[in-house]
Amino acid sequence: MKELQQFLPLIIKNGLYNEHLFQTKLVSLFCKFGSLYDAVKVFEPIESKIDPLYHTILKGYALQSDVDASLNFFCRMKRDGVVPVVYNFTYILKACADNFDVRRGKEIHAQLILNGFSSNLFAMTGVMNLYAKCKAIHDAYKMFDRMPEKDLVCWNTVISGFSQNGMPNKALELVFKMQEEGHSPDLVTIVSILPASGNIKNSRIGRSIHGYVFRRGLESYVNIATALLDMYAKCGLIEKSRQIFDRMGSRTVVSWNSMIDGYAQSGDSKEALDLFQKMLDEGLKPSNVTVMGALHACADSNDLKQGQFVHELVDRFRLGSDVNVMNSLISMYCKCKRVNLAVELFRKLKEKTLVSWNAIMLGYAQNGCPIEAINLFSSMQQNSVKPDSFTFVSVITAVADLSVLRRAKWIHGLSIRKSLHNDVFVATALVDMYAKCGAIHKARKLFDTMNERHVTTWNAMIDGYGTHGYGNEAVELFDNMCKGNIKPNEVTFLCIISACSHSGLVKEGRRFFAMMKENYSLEPSMDHYGAMVDLLGRAGQLEKAWEFIQKMPVAPGINVYGAMLGACKIHKNVDLGEMAADKLFDLEPEEGGYHVLLANIYAIASMWDKVAKVRNLMEKKGIQKTPGYSSVDFKNEVHTFFSGNTSHPQSDKIYAYLEELIDKIKEAGYVPDTSSIHDVEDDVQEQLLNTHSEKLAISFGLINTRPGTTIHIRKNLRVCGDCHNATKYISLVTEREIIVRDMHRFHHFKNGVCSCGDYW
DNA sequence: ATAGGGTTAG
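Position 397 of the first sequence, counted from 1, bears residue number 397 in the numbering used here, the numbering being contiguous throughout.
The reader is advised that the hints may include incorrect statements.
Here are the in silico distance ranges between beta carbons for each label pair [unchecked claim]:
(1) Lys350 <-> Ile113: 43 to 51 Å
(2) Asn375 <-> Asp758: 34 to 42 Å
(3) Gln64 <-> Arg347: 31 to 39 Å
(4) Gln6 <-> Met167: 47 to 55 Å
(5) Ser65 <-> Asp186: 18 to 26 Å
(6) Gly622 <-> Leu354: 42 to 50 Å
(7) Met167 <-> Leu10: 34 to 42 Å
(8) Ala668 <-> Lys409: 29 to 37 Å
(9) Met167 <-> Asp448: 32 to 40 Å
(10) Ser379 <-> Asp575: 32 to 40 Å
(11) Val85 <-> Phe214: 37 to 45 Å
(12) Asp448 <-> Ser419: 18 to 26 Å
Lysine-lysine pairs mimicking DSS-like chemistry, simulated, CA-CA at most 30 Å apart [stated by the list, open to error]:
(13) Lys409 <-> Lys348
(14) Lys620 <-> Lys666
(15) Lys201 <-> Lys142
(16) Lys94 <-> Lys32
No wet-lab data here; the hints were simulated from the structure.
The structure displayed is predicted, hence computed values, not measured ones.
Note that beta-carbon positions come from the ideal geometry of N, C-alpha and C, so glycine has one too.
The whole structure should be built from the sequences, with the hints applied where relevant.
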């Protein structure tokens with residue numbers, strides 16, 4: 001290009017500039033290099049311009065997909081008296097098609113009819129391509145049907161049209177038809193139908209195409225082999241992809257990308273990353289698509305170190321200017337729980353796309369920063385970025401975590417206003433959100449109105465019932481699900497077993513556990529074993545639970561012994577509790593919660609020396625107890641209380657009210673349960689109990705709301721026994737409904753009873 | 001020929 005520019009003065013000097021052939025060649029060369037600026041600089045000063053000069057410039061603009069420039073130049077051309085030829089139209093049509101500009105494409109269509117090209121094969125193919133690219137495949141087909149004679153290109157155009165519009169069956173049908181009419185599918189035909197079979201995951205069609213490729217001996221073409229391996233990967237037949245990949249004589253970066261992304265999409269992060277490394281070892285330069293696949297794998301496997309390595313490569317190969325790559329990086333950091341790193345990238349990102357906003361918002365929502373997610377949603381709207389269904393899913397997830405019913409109604413209303421509430425993902429998130437905000441019946445109402453449901457939709461609803469203590473409803477819903485055509489998955493069984501556990505449905509829970517393997521060939525995971533131990537242990541069948549652990553075919557994990565220890569606390573079993581705790585301290589010596597649980601078991605049994613021993617152990621290891629807090633929503637703000645906290649502006653009022661309240665519930669029969677506290681005076685014990693975060697939050701809620709209003713409390717740990725009992729009495733004497741969402745489930749307190757039936 | 005962000009559980 002530079003050399004060509006340097007030649008220019010020389011050409012002018014030698015008087016060659018007036019040669020038509022030279023001019024045309026020069027203009028066409030500049031166009032080929034993509035420098036229309038230089039081409040026009042040569043073009044303009046020419047005094048007697050021959051028609052091919054005009055055609056070349058027009059082709060240059062059109063091949064750059066610049067519709068505006070093409071049309072402007074086209075008008076100028078006609079003003080200059082040049083008669084359009086059919087290729088002028090086909091090139092402009094191509095530019096319109098590439099820009100999905102069906103409006104201006106139609107104008108060109110009208111003009112070419114006026115110029116007498118209406119039955120020209122190339123012109124018709126151009127119009128067909130325009131309609132096919134602009135999702136108007138039926139209009140394209142009408143055109144195709146009208147064509148008096150058809151060449152290979154127009155067959156390929158209509159076939160790729162059906163293929164790209166999600167109708168691969170029709171595309172394949174046409175492939176057969178073209179053969180009947182004497183045309184053999186070529187490379188273009190094949191590479192245009194392969195992606196479609198992959199996208200609809202139809203390996204049957206894919207295989208038949210593979211057969212044809214084999215018979216025609218086309219397997220050795222790189223792009224054919226790549227398209228084949230990509231198709232198999234998308235159909236979930238990753239081994240078949242690998243076979244093709246391994247046998248390829250030569251591979252392009254695209255071949256590697258397809259293979260790496262194939263592994264990443266099929267959940268085999270390790271193989272994806274191994275292959276990525278192998279590609280680097282072979283000295284190949286990764287492209288933007290390569291790193292996106294690798295980052296996907298890092299995110300899936302929560303492999304921060306590997307993710308940071310890929311990040312370095314992004315910098316080294318200067319791939320960071322691609323916003324899609326940056327979005328993948330943001331997403332990777334979020335999945336690896338490094339929201340701060342993701343935010344840093346997001347802030348620095350100059351041209352943020354909707355996906356960038358959505359990725360960071362979901363990162364906030366999934367990493368315990370719901371407020372930040374909601375705030376970002378507002379600032380996104382201030383930046384006039386239009387939210388889509390992905391955005392809503394993120395915000396709804398955040399609201400679910402926040403557990404504030406007022407917010408839930410707000411985002412639900414907003415999603416209706418944006419007509420996104422019927423999207424399955426949004427609707428599923430809404431069902432889950434209402435359940436998590438304590439509005440289980442509203443969740444069910446929404447669930448019933450949905451016309452499409454995913455397995456996750458059922459899971460969310462079943463789990464909602466479970467955490468609310470509606471075991472029978474959960475079982476009923478599960479049975480309904482089995483009658484339909486959506487199969488339960490691992491998560492479904494986790495939800496239903498834990499629902500049984502919360503409601504004491506031991507027999508049903510065991511039935512489901514057996515069912516998962518026998519009827520659905522699902523192998524129980526560690527979480528399922530944990531849920532079973534919880535089911536048995538919570539119901540008081542501690543020996544059976546212990547026996548179950550001994551009989552497990554795999555080494556029991558932390559959650560399994562954790563469930564056992566929790567059950568021992570509820571049922572005051574010191575011996576089994578000690579055994580479970582021993583295992584836990586081996587498996588996870590740093591976790592404070594289990595130490596506290598064991599200490600509580602000893603305390604209930606008045607084994608104070610052992611309590612002291614555990615506390616010493618914790619001190620020695622430097623383990624701290626997770627501080628418990630309760631939060632309540634009031635006037636657009638979430639008020640959070642820690643035990644004994646006095647920093648709240650209304651603190652004095654809260655404590656005074658609480659004192660009155662405790663007196664009242666004592667009159668009604670409440671007896672403080674100080675069994676887990678010792679080594680202080682009786683009145684101090686009570687003092688400690690009375691300043692638990694739940695009680696503070698409830699008082700605050702009662703003071704600040706009108707009589708009859710339901711109070712929603714969110715607690716990060718489990719509700720303690722005394723608070724549970726006190727809350728029952730509070731609901732009785734104040735005639736208020738109090739809904740507490742703790743770490744594991746909901747408690748609806750009303751008229752002195754709790755929905756959990758004291759079974760939690 | 002390849003391509004970024006989504007719902008459930010723990």
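Hints, verified against the model:
| no. | hint | in the structure |
| --- | --- | --- |
| 1 | Lys350 <-> Ile113: 43 to 51 Å | 45 Å, holds |
| 2 | Asn375 <-> Asp758: 34 to 42 Å | 39 Å, holds |
| 3 | Gln64 <-> Arg347: 31 to 39 Å | 34 Å, holds |
| 4 | Gln6 <-> Met167: 47 to 55 Å | 52 Å, holds |
| 5 | Ser65 <-> Asp186: 18 to 26 Å | 25 Å, holds |
| 6 | Gly622 <-> Leu354: 42 to 50 Å | 45 Å, holds |
| 7 | Met167 <-> Leu10: 34 to 42 Å | 56 Å, violated |
| 8 | Ala668 <-> Lys409: 29 to 37 Å | 34 Å, holds |
| 9 | Met167 <-> Asp448: 32 to 40 Å | 33 Å, holds |
| 10 | Ser379 <-> Asp575: 32 to 40 Å | 56 Å, violated |
| 11 | Val85 <-> Phe214: 37 to 45 Å | 42 Å, holds |
| 12 | Asp448 <-> Ser419: 18 to 26 Å | 20 Å, holds |
| 13 | Lys409 <-> Lys348 | 34 Å, violated |
| 14 | Lys620 <-> Lys666 | 40 Å, violated |
| 15 | Lys201 <-> Lys142 | 28 Å, holds |
| 16 | Lys94 <-> Lys32 | 16 Å, holds |
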